[in-house]
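Take the sequence shown: its letter number 313 is residue 313 in the numbering used here, and every next letter is one higher.
Don't read these hints as lab results, they were simulated from the structure.
Among the clues, some could well be false.
Stated by the list, open to error - Pairs of lysine-lysine, DSS-like flavour, derived with a Cα cap of 27 angstroms:
#	residue 1	residue 2
1	LYS359	LYS371
2	LYS493	LYS460
3	LYS460	LYS175
4	LYS409	LYS460
5	LYS379	LYS389
6	LYS460	LYS510
7	LYS359	LYS473
8	LYS371	LYS389
9	LYS359	LYS389
10	LYS510	LYS493
11	LYS379	LYS359
12	LYS379	LYS409
13	LYS409	LYS389
14	LYS371	LYS409
15	LYS409	LYS359
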Amino acid sequence: MVYSSRTFSGDRIASAICSGDGSDVFPLTSRPGGEKMVVANQLSDDAAVVFGYSTINGLPLRASRWSAGTGFELLPIPAPYDHSIPTNRAISSDGLVSAGSLSVRDADYNATAEQAYRWTAAGGVEGIGYLPRDDRSSASALSSDGLTILGTSSGSQQDYAHGELFVWREDTGMKNIHGPEPQYEQNSFLAGAGVSGDGNVIALSWWRPGGCGEDPQCDPAREYVSYITGPEKTYYVDVIEAVARAGGSSAIEGFTNFNIIGVTDDGNTLYGSAYNSTGRIEGIIVQFPSGFLRALTEPVRLRNISSRLHVGQAEQVSIAGFIVSGNVPKRVIVRGIGPSLATRGVNDALADPVLELHKPDQVVVTNDDWKTSQQRAIKATGIPPRNAKEAAIVATLAPGQYTVVLSGKGGTAGTGLIEVYDLSASVNSRLANISTRGFVGRGETALVGGMILTSPGNTKVLIRAIGPSLEAKGISGALANPILELYTGDGFKLDSNDNWRQSWAADEIKAIGLAPTDIRESVVLQRLAGGAYTAVVRGANGQTGVGLVEVYDLGAWTPAP
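Sequences and hints are given; from them, build the entire structure.
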């Protein structure tokens, strides 16, 4: 007798035992007549449901299922997959959903493609497709609720070089979320290993089946390189780096060659194997603090964008534009702050701000004192303005471009603050950028742009300070020579720029398509971790005038066609 399949699920293991001739092998119950081989491959958390595959007298494999209530059964395969060969590779915790690969065959059982599939108690076998240009896809992991499937796809059964990771969800279907690193494209195979119960933490491995070859960047001591990633193609991290960030010890310390085979439902524990030249371990290979992986893999996003500047009259009112990118509406709160700035040491704060939100369909929403309208909705956000004379608007905005105008009631002037907060960070849309135009003065009347990025990952952010080119747009009194500085939340200066062509990143700025039209204008390009940042625009040699500060989240911004 030999073990032919072992599957780890929590603290349980499903095993199939084969005899030498491949007969009489299903240990859980007797089989219908004719079955020569039955392999148990996956089991539910309570061990009441087991999935596997079976063959009858050498005919193609069929998916099989055993449950405590119904016993052993072969799963029917509907057209157009009726000649297909399914292999179960994952199961939901309750045993009501399974996923795997479906080897699609013609009437003579010749292979034509391989498609990922899922089985549900309600709908039976369902092919879930493969990525464009690829004809081989296989599901390898399933969230415990059965709503998220992880797998890999490639151009042919022998094409390991272009293995791509996909995630299938009931609401979005199948999409590519990751590909091999460029240096490994010609010599690697990407394997999806595990997904947390809610689908927000994903584990995967790069496998180099041909070794390193001529690749000078390949480390032969790490044939298996395991990663964790989020549910979108946004951020990934080597598990060793993640362990270092977590600041704790783990079973993989001292092991450089390891392979993840799964992640627990809570997303805190990875299990698999790790080994070096002298030893090997199996089981739990690393445990992280609660919530660490979710925080690490959450896409870095602009959660708050703000601009503080002098609010005057006519062309010197404060005007901010922002973009909601993506394909679903986003709920935000827009605030116009004035009186409460005085408590932060700002002199000449705007006494009574008036806020306007201009939508793409020309609808304008206006608010003077925030308690006069939407008071309950504004309070429910947890961030209502501190002063009753300040303004706020809560709105659910479709993807598009929006403009906010901040002015003083009755034509009054003073220092004001425009803020936009993302109230629905989890939906598939983002605050892509903000641009604010206003008067740039000296001292505390400089133009200040603020932003808060969520998660401890990192994203590229490009910030521009525009002045001279505003004249071409009909703005009189434009700032002749803006200077841009970028600070962390605790006041450390990260970067500064006067003329953008003098930036170390000038070539990349041009390639991105966001180079200013005037060489006197300034740009800072930085990869920023989660946290608070401030961009300050001043005039060279104490100059004043109308200026524009723009913040682009390059992970969400799309160039205009």
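Consistency of the hints with the structure:
Straight-line distance between C-alpha atoms of LYS359 and LYS371 comes to about 22 angstroms, which keeps the hinted pair within the 27 angstroms bound. Using a Cα cut-off of 27 angstroms, the hinted pair LYS493 and LYS460 holds, with the two alpha carbons roughly 17 angstroms apart. Using a Cα cut-off of 27 angstroms, the hinted pair LYS460 and LYS175 holds, with the two alpha carbons roughly 23 angstroms apart. For the hint linking LYS409 to LYS460, the alpha-carbon distance of about 38 angstroms lies beyond 27 angstroms, and the restraint is violated.
Taken as a hint, the LYS379 and LYS389 pair is honoured in the structure, with Cα atoms around 15 angstroms apart against an allowance of 27 angstroms. For the hint pairing LYS460 with LYS510, the CA-to-CA distance comes to about 15 angstroms; that is within 27 angstroms, so the pair holds. As the CA atoms of LYS359 and LYS473 are separated by approximately 21 angstroms, the hinted pair is consistent with the 27 angstroms bound. With a CA separation close to 8 angstroms, the supplied pair LYS371 and LYS389 stays within the 27 angstroms bound.
Of the pairs offered as hints, the one joining LYS359 and LYS389 holds, with about 24 angstroms between alpha carbons and a cut-off of 27 angstroms not exceeded. Of the pairs offered as hints, the one joining LYS510 and LYS493 holds, with about 24 angstroms between alpha carbons and a cut-off of 27 angstroms not exceeded. With a C-alpha separation of about 23 angstroms, the suggested pair LYS379 and LYS359 falls inside the 27 angstroms cut-off, and the hint holds. With a CA separation close to 23 angstroms, the supplied pair LYS379 and LYS409 stays within the 27 angstroms bound.
In summary, the hint linking LYS409 to LYS389 is supported, as the alpha carbons are separated by about 10 angstroms, within the 27 angstroms threshold. Distance restraint check for LYS371 and LYS409: the Cα-Cα separation of roughly 16 angstroms lies within the 27 angstroms cut-off, and the hinted pair is therefore satisfied. Only pairs whose Cα atoms come within 27 angstroms are accepted, and LYS409 paired with LYS359 is accepted, the gap being roughly 22 angstroms.
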